[in-house]
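**Student:** First to last, the sequence lines map onto chains Y and D. With the working numbering, the residue at position 66 of the first sequence is 66, and numbering never jumps. Add 1000 to the 1-based position in the second sequence for the working numbering, that's all there is to it.
By construction, these hints were calculated from the structure, which means they are not laboratory data. Idealized CB from N, CA, C, for every residue including glycine. Treat the hints loosely; a few may be bogus.
Said to hold, decoys possible - Covered stretches of chain D (chain Y as the covering partner; in silico rule of three or more C-beta atoms under 8 angstroms from a C-beta of chain Y): (1) 1099-1106; (2) 1128-1141.
To be verified - With a Cα cut of at most 30 angstroms, we get these calculated BS3-like pairs of lysine-lysine: (3) Y:LYS82 to Y:LYS13; (4) D:LYS1068 to Y:LYS82; (5) D:LYS1084 to Y:LYS67; (6) D:LYS1084 to Y:LYS43; (7) Y:LYS68 to D:LYS1109; (8) Y:LYS64 to D:LYS1113; (9) Y:LYS57 to D:LYS1109.
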Amino acid sequence: MSFDINTIIKDMKNAAVGAVKDDLDIVPPYVKKIFDNEKDALKALAEARLAGKISDKEFQRELKREKKVLEAEMLTISIISKAIAQKAINAAINVLVDAVKLAI
Amino acid sequence: MIIRKQKYNYWFILVLIVYTISGCRVQYVADYDDNIRNDIISIAEEIDMFYTLLLETTEADRTYESFKEDYLDIEVSLRSLLMKNKIRPLNEESTRQTELALELWLEDKEAHKEDDTVSDFIINQHRSQFQRIFIAMAIGESVKEE
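Let the sequences and hints guide you as you build the complete structure.
**Tutor:** Okay, structure coming up:
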């Protein structure tokens, strides 16, 4: 019956990091992809307007649509953040519960 | 005697901690749902097929009437996904993403109805916009805990 708090805290930290490693790796390339896509879309829009392929009304309409697309993409970052916090906390708590169960 | 009493107190606290947190699980987002993920992929395919068919049709033949049924089918699929997302607790972001997809789809439908045609440029822009939204939805669903 041993309960080494230092080892348990270390295991909790490792469990939390291990549980979210894959999700954390997703974020930087995805954020880059979002802004690369946005850049391409806005560039195409500006070029189309300058070339007269679309009217000013269409240009304004497309800008509003791009804003909505960007909002949808950013909401995924919010979901990832919440999921990361949830997985990390639950993994850490599980380690603590298992350790205390073993000790008693 | 005092040491023995402190030892009992220590174990009592540990048992209390286990009892308190063993059923404890924090939840900030909805659980992963395989059916929702499949719906996301399926509607993304429907929309991609719609734009592919639109591009294959000559601009003069891209009348609203020729594509009205497809607009309505996809609108129903999006409304169904929205309802499924709305009834899941802790699912505000996925619900809003579906609302945005539906708003864009209805705007597309109205613009097509008004102009009675769609240019290649707009088709390509809108196809790319929906791909981005559906990728965002699929990633958002896949990171949720099973």
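**Student:** Look at each hint and say if it fits the structure.
**Tutor:** We went through each hint and held it up to the structure:
{"no.": "1", "hint": "1099-1106", "in the structure": "holds (count 4)"}
{"no.": "2", "hint": "1128-1141", "in the structure": "holds (count 8)"}
{"no.": "3", "hint": "Y:LYS82 to Y:LYS13", "in the structure": "holds, 18 angstroms"}
{"no.": "4", "hint": "D:LYS1068 to Y:LYS82", "in the structure": "violated, 39 angstroms"}
{"no.": "5", "hint": "D:LYS1084 to Y:LYS67", "in the structure": "holds, 25 angstroms"}
{"no.": "6", "hint": "D:LYS1084 to Y:LYS43", "in the structure": "violated, 36 angstroms"}
{"no.": "7", "hint": "Y:LYS68 to D:LYS1109", "in the structure": "holds, 17 angstroms"}
{"no.": "8", "hint": "Y:LYS64 to D:LYS1113", "in the structure": "holds, 19 angstroms"}
{"no.": "9", "hint": "Y:LYS57 to D:LYS1109", "in the structure": "holds, 16 angstroms"}
This entry does not satisfy hints 4, 6, going by the numbered hints stated previously.
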